[in-house]
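K.L.:
Guided by the hints, dock chain B onto chain A, whose structure is given.
Protein chains: 2
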Amino acid sequence: MNLSSTMSDGGYTIIYNMLSLGIASMLFTTVFLFVARERVLPRYRMAVMVSGTVTAIAAYHYFRMFDDFKEAFGPEGMGVVAYNVGYRYVDWFLTVPLLLVETVAVLALARAMQTQLLVKLVPAAAAMIALGYPGDAQLNVFYQGDAPLWGLLSTIPFLYILYVLFVELGKSLERQSAAVQRKIKELRLLLLATWGVYPIAFIANMNATGFDETSFVLRETGYTIADILAKCLFGLVIFTIARIKSAEDSEEFAKAEYKD
Amino acid sequence: MNLSSTMSDGGYTIIYNMLSLGIASMLFTTVFLFVARERVLPRYRMAVMVSGTVTAIAAYHYFRMFDDFKEAFGPEGMGVVAYNVGYRYVDWFLTVPLLLVETVAVLALARAMQTQLLVKLVPAAAAMIALGYPGDAQLNVFYQGDAPLWGLLSTIPFLYILYVLFVELGKSLERQSAAVQRKIKELRLLLLATWGVYPIAFIANMNATGFDETSFVLRETGYTIADILAKCLFGLVIFTIARIKSAEDSEEFAKAEYKD
Numbered sequence: 035m036n037l038s039s040t041m042s043d044g045g046y047t048i049i050y051n052m053l054s055l056g057i058a059s060m061l062f063t064t065v066f067l068f069v070a071r072e073r074v075l076p077r078y079r080m081a082v083m084v085s086g087t088v089t090a091i092a093a094y095h096y097f098r099m100f101d102d103f104k105e106a107f108g109p110e111g112m113g114v115v116a117y118n119v120g121y122r123y124v125d126w127f128l129t130v131p132l133l134l135v136e137t138v139a140v141l142a143l144a145r146a147m148q149t150q151l152l153v154k155l156v157p158a159a160a161a162m163i164a165l166g167y168p169g170d171a172q173l174n175v176f177y178q179g180d181a182p183l184w185g186l187l188s189t190i191p192f193l194y195i196l197y198v199l200f201v202e203l204g205k206s207l208e209r210q211s212a213a214v215q216r217k218i219k220e221l222r223l224l225l226l227a228t229w230g231v232y233p234i235a236f237i238a239n240m241n242a243t244g245f246d247e248t249s250f251v252l253r254e255t256g257y258t259i260a261d262i263l264a265k266c267l268f269g270l271v272i273f274t275i276a277r278i279k280s281a282e283d284s285e286e287f288a289k290a291e292y293k294d
Numbered sequence: 035m036n037l038s039s040t041m042s043d044g045g046y047t048i049i050y051n052m053l054s055l056g057i058a059s060m061l062f063t064t065v066f067l068f069v070a071r072e073r074v075l076p077r078y079r080m081a082v083m084v085s086g087t088v089t090a091i092a093a094y095h096y097f098r099m100f101d102d103f104k105e106a107f108g109p110e111g112m113g114v115v116a117y118n119v120g121y122r123y124v125d126w127f128l129t130v131p132l133l134l135v136e137t138v139a140v141l142a143l144a145r146a147m148q149t150q151l152l153v154k155l156v157p158a159a160a161a162m163i164a165l166g167y168p169g170d171a172q173l174n175v176f177y178q179g180d181a182p183l184w185g186l187l188s189t190i191p192f193l194y195i196l197y198v199l200f201v202e203l204g205k206s207l208e209r210q211s212a213a214v215q216r217k218i219k220e221l222r223l224l225l226l227a228t229w230g231v232y233p234i235a236f237i238a239n240m241n242a243t244g245f246d247e248t249s250f251v252l253r254e255t256g257y258t259i260a261d262i263l264a265k266c267l268f269g270l271v272i273f274t275i276a277r278i279k280s281a282e283d284s285e286e287f288a289k290a291e292y293k294d
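In order, the protein sequences belong to chains A and B. Using this note's numbering, you'd call the opening residue of the first sequence number 35 and step up by one each time. Using this note's numbering, you'd call the opening residue of the second sequence number 35 and step up by one each time.
Be aware that a few hints might be false.
Copies of the same chain are indistinguishable here, so a pair counts whether it falls within one copy or spans any two.
In silico DSSO-like links for lysine-lysine, alpha-carbon gap of 27 Å or less [unchecked claim]: (1) 219 x 154; (2) 293 x 205; (3) 293 x 217; (4) 205 x 289; (5) 154 x 293; (6) 154 x 205; (7) 205 x 217; (8) 217 x 289; (9) 219 x 205; (10) 154 x 217.
Since the hints were made in silico from the structure, they are not lab data. Note that the structure is a prediction, hence the values are computed from the model and not measured.
Bound-form chain A, shown alone (with noise of 0.2 Å):
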């Protein structure tokens, strides 16, 4: 029994159960955080909310990409219908400034501050998005094999970002206490190493000609993982961040949430 039409059983079964991971942990993120928001004080709620927000598109793009997968390559679909790389384009260019804004938010740093960030942060995270998009679908775009191109392009905004995080938001830290600053160090972390599987994925995937089945497994595998930590994982963080800080703000939060 060929559990695929044009895959080996083993890689189709990683995939599968991968983009089944991918919603099972989108989803009850979500579920968990906006219901979680009350364990927090209110201005550190639009945070927790907008976190739950990121897995929530998330959690849609992961059902859709995982029905495409089973069409694209199960044993009914055929390998009529091709599987959509946009899926994951479409949600990393609404998810991935969200990700910024919950960052900031919690925070809950001066308005005027929290502003400058933003406008800063935000286009930079869709532009490096929008770029990256016709490198990996292998558009062609300017000449036949510009992925490569597409990929330095989309970096310019990649460490622009790095920039006004590690270096102006690190200015506005000094004013948490060390527990806030230690998590935030450990988010600024998780960024990183969770941004940095995309353009192994990408320069992997850059050169391919025609559809490889190994790198097709890791590229979707890695993108997969990255997800679940880059939201989950971070939307947990976030939501950390916000339980510490509202505690700090408020000892009346302190005694009703915790014991000692």
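P.N.:
Frame of chain A; chain B shown alone:
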């Protein structure tokens, strides 16, 4: 009229109804726990919400397994699709660490103590599940028939979890009331009894070559009953502990919730 293309009608009906029982149990425990969270003090709500998240994740996977089972064995499926044991492992990979999170959360320990327990329990639980999968799915990673090796590897983190729960957590129980101590002991016994079903099912299927209906029916039935006890009943005991502790912590709560 045949119910299934490849199984006896009896075997097919048992699994079909068990999987539907799984959906119903998981789904409505989730709904109940999320609504009932407000019937405990704020500091215990996280434990109740995590319990509801666990059953929600399991509900998703039971829906998937139910559909997958019908496609794989139902009269219209004609055996084109293979039944995917991966759903169970993806489910456990997410829910088993969370079951330990809810257990620790409901105790409302000092935060340092809580972190100390979770950094041991969560990775061990994830490792236990990840090491079980290659054996149960008979992937033959190292050599043909290496399932017993994976079972053995998976047992190491299992024993470590038991050590942490019975020895390390045991120490922190001294500060709890007699009623809570009794419930926690029930909880641990429930965990031990239900988790014990998994290795038995694992061992029963370890040496299976090809499809054997009797062991398949036993495995799916055993896994489903164990899941319902380990997630729904477990979550409801967590909720009960949260109620007892809420009443102990606050006279106002006790007076509002109970008449005596």
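K.L.:
Does the structure break any of the earlier hints, and which numbers would those be?
P.N.:
none
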